[in-house]
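Undergrad: Okay, here's what each chain looks like letter by letter:
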Amino acid sequence: MRKVESVVVAALLVALAVFVIVESRVSIAPKTAYTVYGEKDASEFPLILGIILLIMAALNLFHALRSAPDTREEDAIRASLPEHERSPSGIRALVIRSWAFFALAGLFAVSMEYLGFVIATVLFLSASFFLLGSRNWLMLTAGSLGITLTVQFVFTDVLNLILPRGVII
Amino acid sequence: MKRLLAILTLASLALCAGPALAAQKFPTRPVQVLFPFGPSVTYSVSQVAGEALSQELGQPVSVTSTPGAGGVKAALTVMNKAADGYTIFDGYVAPLVLAPLSGNAKYSHKDFKPLYAVASNAFALVCHKDETRWDDLPGFLKYMKENPGKIVYSSGQDFTLRNLVIVAMLKNEGVVGRKVTYQDATEMKDFLAKEFDVMVCNSGQYKTNKDSMRVLAVLSDQPSPEDGIPGPLPKDYGISLGLSGLAAVGWNWWVVRSDTPDDVVQVLREAMYRGMSNPETRKKIEFMGFSPLSPDTYSPESYDRICSDITDQLTDAVGAIEWMNEQVARLGM
Amino acid sequence: MNADSFLIAGLGYYLTLPNLAFTAMGVFVGMIIGVLPGLGPMLAIILATPMVMKLQAVTAMSVLLGVYVGGACGGAISAILLKIPGTPINAATVFDGYPMKEKGESPRAIGLAITASAYGGAIGGIFLIFCTPLLAAVSMKFAPAEYFALALTGVICIVIVSQDSILKGSIMGVLGLLASTIGIDPFINVERFTFGSVYLMNGLNLVATVLGLYAMAEMIFQVQRGRLSDSPGIKGFLAPFSVLTEPFKQWKNLLGSSTIGTVIGALPGVGAVVAALVAYSAAKSCSSYPEKFGTGIPDGIIASEASNNACVGGSLIPTLTLALPGTAIAALMLAVLMLFGFLPGPDLFNNSPEMVGGLFLAYGISNIFLLILGLLFTPLFVSALNMKKQYLIPVIMLLCVVGAYGIETNITDVGVMVILGFLGYFLVRNGYPVAPFVLAQVLGNIIEYNFRRTLTLSGNDYSVFFTRPVTFGILIANIVAFTLILTPLLPWLKRRFFGGRNG
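Protein chains in written order, with our numbering: chain C, 1 to 169; chain Y, 170 to 502; chain A, 503 to 1005.
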């Protein structure tokens, strides 16, 4: 599975290279109705880069297919885990949690302009604290509210930045 | 513990209620002006106007630089924000009139409700101080006629007013030159280093480098204001610029979304009128070499007429860009 | 007038208690804003400008200079403690800053970043005060052809900062170069890779990119590292005294990196991101232990931070002498100077020597305050992170989202951050380094646009790349450097080409 992942990434890079080359020729080049004296047309640089990328990505894919995947990052993560979290199921649980957190962050980003900064942030913080293991009800409610209001104060009143208002509030 | 929780809950409820109560009197929070280009001297002029508006409104006005697509990105961003008067578009002629004209934008100036205009600045065609190949504008044009494609000039990207105004004049005279495109301060550096021949510059650039420049012409049909760029006008030599009045110069008009409620717009207009009439504001703008536009002449009522007139004038000029590019391409082949 | 007379003229003008206080405040504010991911000194200066306009000219400029100097260092703290560069210019500090923190030496790492920044900035200041005419003349000699050649040197640096896999690093570099082409081509007004999106018409925002690739991806890894409910128990808060002298022990690194930073700062349109990464690459390739770079050695921090702060001083050179801003932030300062009625250029030096001297002094003193305030507040920064990870991670994520939103008040920047975070996660997991992408994204436009401009100016004549002495010289130097760096490392190179265990 792990090797499949690394091969997929390498393959996607090859696909990207092909896409860049095609897009340069098909979409960009024709729009240059003329080549202004001395200035090259706008599709050359991306085309050259696309070709270089194709060569490199192909080599990379070849290597990914032939050898074991580079798992240094995960090994480092596993090494830093304490004993009781190091079992395969423990690791899997953490990975799932990390993706759940990412999904929360994504939801937060998307909803910020609808719910407004305050509501979206309070929800995000409380949900995240809970997801990452906190059961301290004070932090989950007052803590996240306090942090939200502090950030809002610092950014809008001190720094004069504008934060999303939201449709509701 | 419970008391703390109760207090915090009450406090947050109060904070939520606050805006509801205050919503009666616009504005109750900072106003944002979207400036369509990157940081520059022109940006400072908008900041001066923003400061003046802020004084009159009683709320901070922040001018945010939102560059992209020649200013179109800022315009579209404003149109995507709520029509509540808290977002103003700093409408420079490029995104407001030129972009719709060239088909780069799907909106037009009619999609905005005007406040007041801020300032205008004329461009000037300048050459090196010690240039020996010609003495004045007619001499320069004669040299260009005799050496097609040899002159290299810099006037920014294709669909900017700076480029439009020079290309229109060159087409009228039937002369061809090569444009080199810059986007930042390296333009002036290369001009000073004599990498290319002539440049279309604005007053900020002129002021800081006037000892190395000679003005061939101020590209306008109105004489320059006191602090502006000194120099002859093309019509002094009997040469036609092809554009008159505001059409030849850069200018900006602050506008809001057209569906903004009238009472909100009224507040903004009154505040801006006072701000722009303030002699202090006008003086600051003049020092930068820009001409503050009188709020009496450039009022919301005149917006439509002026923009339409400029659109008509620029429509012919836009064709000159295509012409010049074709001519140069033909030479290079 | 020579350097001394400017300084003397500036003394009476600038050296008052209120001005010093304001400068210190500027440095402090700059540092704090630099620490917050996504926000940077540019935003701080834009926001501060209306406020400082109410002050006297020299006071206002000294606040802004303080913010500029502090902001160039503040981002290093988040780079070290969180693996997230507070601003893109601190991207190279992550290489050795974060590993050093992992070894439990975060106060030392922060202390080094501060001292290297202050010393580098001071060296930049010396260049500013004494070598301005020389450097200004050099920058005038750099036409598009020379910029192109120099930017290619940056490309070599991409290979050097590729850490463990040269092929994968180069792939990321090419991706970064491609990313720089997204948007409207300024020469021919053609849309490239925009797919009709208004946002993409201006390209991928660099700050959003850095936040996505570094911050968001890292947050996912952080959760996977577990220990979410553990009490953090960071030991030792104050930086050890040795941080004051360590940069001097590496005086070649310090001097070289500061010089690189100053020179790059003096060339308009390049910037501190490039300066920091080039200095890091230079330090790594000139070192006798290049393989140790990236494991948490002081050299990497010193090179990166000295360079990006020296760049501040360097950028003031063309700004003050020629009214040509060296960086976007310098452009803002130029505009403020003009708002106060001062005209940069020869005018400024002739008519207002006291302002010039005041600016020199304010810059120098900003670096002194950086040293003092930075080291004093190191415990504050370290202790601010003394939270349980289950609280710290969401709060950092919140700051990143706010930072991304604050770039242009556009929710799309947040979206870009999230998407790049997703992609960045998989890339980092599979051994593709992120820094080459960032460097390449900055270099891409410099390479392409200057190549095309060169041809316009020369009338489509390619020989100009060989006949212009400086250009040709740099190109030859690049080829030589490329061969020199790679050939002796051949055995090391073979193993590092593909990366991973199986080389």
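Everything labelled a hint here was simulated from the structure, so no lab data went into it. A virtual CB, placed ideally from N, CA and C, is assigned to each residue, including glycine. Don't take each hint at face value.
As the list claims (entries may be wrong) - List time: in silico DSS-like cross-link candidates among lysine-lysine, alpha-carbon distance up to 30 angstroms:
| id | chain 1 | residue 1 | chain 2 | residue 2 |
| --- | --- | --- | --- | --- |
| 1 | A | Lys643 | Y | Lys319 |
| 2 | A | Lys794 | A | Lys751 |
| 3 | Y | Lys194 | A | Lys556 |
| 4 | A | Lys605 | A | Lys585 |
| 5 | Y | Lys340 | Y | Lys319 |
| 6 | Y | Lys279 | Y | Lys298 |
| 7 | A | Lys754 | Y | Lys379 |
| 8 | A | Lys585 | A | Lys754 |
| 9 | C | Lys3 | A | Lys794 |
| 10 | Y | Lys250 | Y | Lys194 |
| 11 | A | Lys890 | C | Lys3 |
| 12 | Y | Lys452 | A | Lys754 |
| 13 | A | Lys605 | Y | Lys363 |
| 14 | Y | Lys298 | A | Lys751 |
| 15 | Y | Lys279 | Y | Lys319 |
| 16 | Y | Lys379 | Y | Lys298 |
| 17 | Y | Lys340 | Y | Lys363 |
| 18 | Y | Lys250 | Y | Lys314 |
| 19 | Y | Lys194 | Y | Lys279 |
| 20 | Y | Lys275 | Y | Lys340 |
| 21 | Y | Lys340 | Y | Lys404 |
As the list claims (entries may be wrong) - Covered by chain C, according to a simulated footprint, are these stretches of chain A (three or more residues, beta-carbon under 8 angstroms):
| id | region |
| --- | --- |
| 22 | 560 to 570 |
| 23 | 668 to 675 |
| 24 | 710 to 723 |
| 25 | 803 to 814 |
| 26 | 893 to 899 |
| 27 | 912 to 926 |
Undergrad: How does the region 803 to 814 of chain A fare against chain C when you require at least three residues with a CB closer than 8 angstroms, holds or violated?
TA: Check failed, 0 qualifying residues.
Undergrad: Check whether the Cα positions of lysine 194/Y and lysine 279/Y lie no farther apart than 30 angstroms.
TA: holds (28 angstroms)
Undergrad: Run the distance test for lysine 754/A versus lysine 379/Y: straight-line Cα separation, threshold 30 angstroms.
TA: Violated, at roughly 42 angstroms.
Undergrad: Given the hinted pair lysine 340/Y and lysine 404/Y, is their Cα-Cα distance within 30 angstroms?
TA: Holds: lysine 340/Y and lysine 404/Y sit about 16 angstroms apart, inside 30 angstroms.
Undergrad: Given the hint that lysine 3/C pairs with lysine 794/A, test it: the Cα-Cα distance must not exceed 30 angstroms.
TA: Status holds; Cα separation ~29 angstroms.
Undergrad: Between lysine 794/A and lysine 751/A, is the straight-line Cα distance small enough, at 30 angstroms or below?
TA: It holds: about 17 angstroms lies between the C-alpha atoms, which stays within 30 angstroms.
Undergrad: For the pair supplied as a hint, lysine 194/Y and lysine 556/A, is the alpha-carbon distance within the 30 angstroms limit?
TA: Measuring from Cα to Cα gives roughly 28 angstroms; hence the hint holds.
Undergrad: Holds or violated: lysine 275/Y with lysine 340/Y, Cα cutoff 30 angstroms?
TA: Holds, because 28 angstroms separates the two Cα atoms, which is no more than 30 angstroms.
Undergrad: Three or more residues of the region 560 to 570 of chain A near chain C by CB distance under 8 angstroms?
TA: violated (count 0)
Undergrad: Going straight from one Cα to the other, do lysine 643/A and lysine 319/Y come out at no more than 30 angstroms?
TA: Holds, at about 22 angstroms.
Undergrad: Given the hinted pair lysine 452/Y and lysine 754/A, is their Cα-Cα distance within 30 angstroms?
TA: violated (51 angstroms)
Undergrad: Tell me if the straight-line CA distance from lysine 585/A to lysine 754/A falls inside 30 angstroms.
TA: Given that 30 angstroms is the threshold and the Cα spacing comes to 27 angstroms, the pair holds.
The structure is inconsistent with the numbered hints 6, 7, 11, 12, 13, 14, 15, 18, 22 and 25, although it conforms to all the rest.
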